[in-house]
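Chemist: The primary structure of each chain is shown beneath.
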Amino acid sequence: MKVLVAVKRVVDYNVKVRVAADNSGVDLNNVKMAMNPFCEIAVEEAVRLKEKGVATEIVAVAVGPKQAQEQIRTALALGADRGILVEAEDVQPLGVAKLLKAIVDEEKPDLVILGKQAIDGDNNQTGQMLAALAGMGQGTFASEVNVAEGSVKVTREIDGGLQTVELKLPAVVTTDLRLNEPRYASLPNIMKAKKKPLDTKAPGDFGVDVSPLVKTVKVEPPAERQAGVKVADVAELVDKLKNEAKVI
Amino acid sequence: MSVLVYAEHDNASLKGVTLNTVAAAQQIGGDITVLVAGSGCSAVAEEAAKIDGVAKVLLADNAAYEHQLAENVADLVAEVGKGYKYILAAATTTGKNFLPRVAALLDVQMISEISAVVDANTFLRPIYAGNAIATVQSDQETNVITVRGTSFDPVAAEGGSASVENLDLAKDAGVSSFVGEELAKSDRPDLTAADVVISGGRGMQNGDNFEMLYKVADKLGAAVGASRAAVDAGFVPNDMQVGQTGKIVAPQLYVAVGISGAIQHLAGMKDSKVIVAINKDEEAPIFQVADYGLVADLFEAVPELESKL
Ligand SMILES: Cc1cc2nc3c(=O)[nH]c(=O)nc-3n(C[C@H](O)[C@H](O)[C@H](O)COP(=O)(O)OP(=O)(O)OC[C@H]3O[C@@H](n4cnc5c(N)ncnc54)[C@H](O)[C@@H]3O)c2cc1C
Ligand SMILES: Nc1ncnc2c1ncn2[C@@H]1O[C@H](COP(=O)(O)O)[C@@H](O)[C@H]1O
Chain R
1 MKVLVAVKRV VDYNVKVRVA ADNSGVDLNN VKMAMNPFCE IAVEEAVRLK EKGVATEIVA
61 VAVGPKQAQE QIRTALALGA DRGILVEAED VQPLGVAKLL KAIVDEEKPD LVILGKQAID
121 GDNNQTGQML AALAGMGQGT FASEVNVAEG SVKVTREIDG GLQTVELKLP AVVTTDLRLN
181 EPRYASLPNI MKAKKKPLDT KAPGDFGVDV SPLVKTVKVE PPAERQAGVK VADVAELVDK
241 LKNEAKVI
Chain V
1 MSVLVYAEHD NASLKGVTLN TVAAAQQIGG DITVLVAGSG CSAVAEEAAK IDGVAKVLLA
61 DNAAYEHQLA ENVADLVAEV GKGYKYILAA ATTTGKNFLP RVAALLDVQM ISEISAVVDA
121 NTFLRPIYAG NAIATVQSDQ ETNVITVRGT SFDPVAAEGG SASVENLDLA KDAGVSSFVG
181 EELAKSDRPD LTAADVVISG GRGMQNGDNF EMLYKVADKL GAAVGASRAA VDAGFVPNDM
241 QVGQTGKIVA PQLYVAVGIS GAIQHLAGMK DSKVIVAINK DEEAPIFQVA DYGLVADLFE
301 AVPELESKL
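Protein sequence lines correspond, in order, to chains R and V. Residue numbering for the first sequence follows my numbering, beginning at 1 and increasing consecutively. Residue numbering for the second sequence follows my numbering, beginning at 1 and increasing consecutively.
If you're looking for bench data, these hints aren't it; they were derived computationally from the structure. In this text, all values refer to a predicted model and were calculated from it rather than measured experimentally. No residue lacks a Cβ here, since even glycine has one placed at the ideal position from N, Cα and C. Take these hints with a grain of salt, some might be off.
What the hints assert, rightly or not - Short derived list, chain R residues pointing at chain V, Cβ under 8 angstroms: (1) L28; (2) N29; (3) N30; (4) A88; (5) D205; (6) K218; (7) K240; (8) A245.
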């Protein structure tokens, strides 16, 4: 079966971003970029399905600037077979979902795996939107995925614990942190990935309008917390909590 | 102007976070309708009808909605929601699961996890793990929004007397089914609603040691949370994770024990009123947000804390 994975180029999760001086967004100059961590988990899951003989082909898709090629190359180095880059900047989740839907119509994958959330916009929308547009079932926030004949069982991390659902294939899965531990790409695989096919497209090729529907008026830093104090021992801590903060 | 609020419940009773979502709806303004979708959930509709400020309750009581399957619920909400200017749900795993589907079906761009209402078209929402706050504006015909519960004080659960209208709409998309669930059982308060939260991190070393935190929690009436590292290591279940990609909490008192204070963890707790950190490393970043920092070995400090409460 064919698996499609969506990988987004985002600021590396170790970077503490700063708001740009003109409040138009965050300052991305000279900031390290990487594959969204939840997308790494998505790629890893696809690769494991291939290693188990369940998946036969993995296609990695990114919507982003030209440099998002790097993230597709990473997916190829990890085991994806080919890549598709739709070149467009700052596309909102509905636009990304529409582009992915158009690619799903062409590629006809049995399973689409996305991250549950991109750690830049923290939207947590794209997989669910794609599933709706494609009329597919969705297994979001997955911590376990078991593919069977014509269906997939997905265990989901929910607020109250865990829930398992069964979906008809084709279906959409979005990954949570506990689904797997992504591997690192080896040097030989990074070299091999350079020769794997990577198609570049534009939103217009799919007839999709990606103009933003929600406008970001400004971006500001969050309220800073006042620096606190160090207490000498437990007795002082309890005293402060009782008599100063009055929270216990 | 009209607002549809999706009720969060377990078929038996309404979840408190619905009251926070109604509070956001009130700030937007307009007539508020609450939609209760579930199975055998008429008691929930009765409860919803009493919420202060609610004009009407719609009840969709059908086996198709019993487990809140996103495919079925989204078809329902997209149809019912057509007549509304706003569709709101809590930013819980239920709301996050089905509401983007609704937005896609209505061909609108959803707005995730608002933390404030500026005016009827303008909202604040945290991005980049709360390291930036975006002001976003939407002129769309329908605004589909999830609401961060901890950012809105709940409205009163009593005081209203809305009518309850039955909806005879069975939407079974036929692509998904419920297999089973393992729900955490606890007598302690809900993590996202507790006044006091005590969380443990990798420094706890194993699951058994969390017993120390439970003892403190029981004395304080607190909920117990955890960092991702503690969940990944299998010390405690996933529903205890606090952070950017876990639960958002904002209690009166948050106690972080053996947690370093990574930005992803801070994203979930830095709106707490008072923060205490217990960590043996005086350089740990958690101390930068802590009102009271105790540099100590948690295996000595936590039992002592318990005995002094
Ligand atoms: C995509 C993504 C999403 C994430 N989402 C989340 C999230 O939602 N929530 C979250 O928490 N993290 C999240 N993380 C992980 C986050 O980056 C950190 O790795 C994690 O928070 C670290 O957990 P920790 O502080 O328990 O562990 P560590 O960073 O290992 O810190 C352990 C601390 O315990 C202290 N300690 C050890 N022994 C003792 C002792 N005996 N007494 C006192 N102190 C002691 C140490 O000094 C240290 O500071 C996410 C990461 C990624 C990439
Ligand atoms: N521009 C993009 N390119 C590729 N995949 C994306 C893009 N935006 C979102 N996704 C996918 O959707 C997931 C959730 O993103 P979001 O809905 O933005 O939080 C990500 O983890 C990706 O798998």
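Chemist: Taking 8 angstroms as the limit, does the beta-carbon of N30 of chain R come near enough to a beta-carbon in chain V?
Modeler: violated (16 angstroms)
Chemist: Is the shortest C-beta separation between L28 of chain R and chain V less than 8 angstroms?
Modeler: violated (11 angstroms)
Chemist: Would the stated hint for D205 of chain R survive a check requiring a Cβ distance to chain V of less than 8 angstroms?
Modeler: violated (21 angstroms)
Chemist: Can K218 of chain R be said to touch chain V, with a Cβ gap under 8 angstroms?
Modeler: Hint on K218 of chain R: holds, closest Cβ of chain V at ~5 angstroms, below 8 angstroms.
Chemist: At a threshold of 8 angstroms, is the proposed contact between N29 of chain R and chain V supported by beta-carbon distances?
Modeler: The hint is violated - N29 of chain R has no Cβ within 8 angstroms of chain V, the shortest such distance being about 15 angstroms.
Chemist: Would the hint on K240 of chain R be counted as holding, given a Cβ-Cβ threshold of 8 angstroms to chain V?
Modeler: This interface hint holds because 6 angstroms falls under the 8 angstroms limit.
Chemist: For the hint on A88 of chain R, just tell me whether its beta-carbon gets within less than 8 angstroms of chain V.
Modeler: Because about 15 angstroms separates A88 of chain R from the closest Cβ in chain V, which is outside the 8 angstroms limit, the hint is violated.
Chemist: Let me know if the C-beta of A245 of chain R comes in closer than 8 angstroms to any C-beta of chain V, holds or violated.
Modeler: Given a least distance of 5 angstroms, the restraint on A245 of chain R holds.
The structure does not agree with the numbered hints 1, 2, 3, 4, 5 stated previously, though it agrees with the rest.
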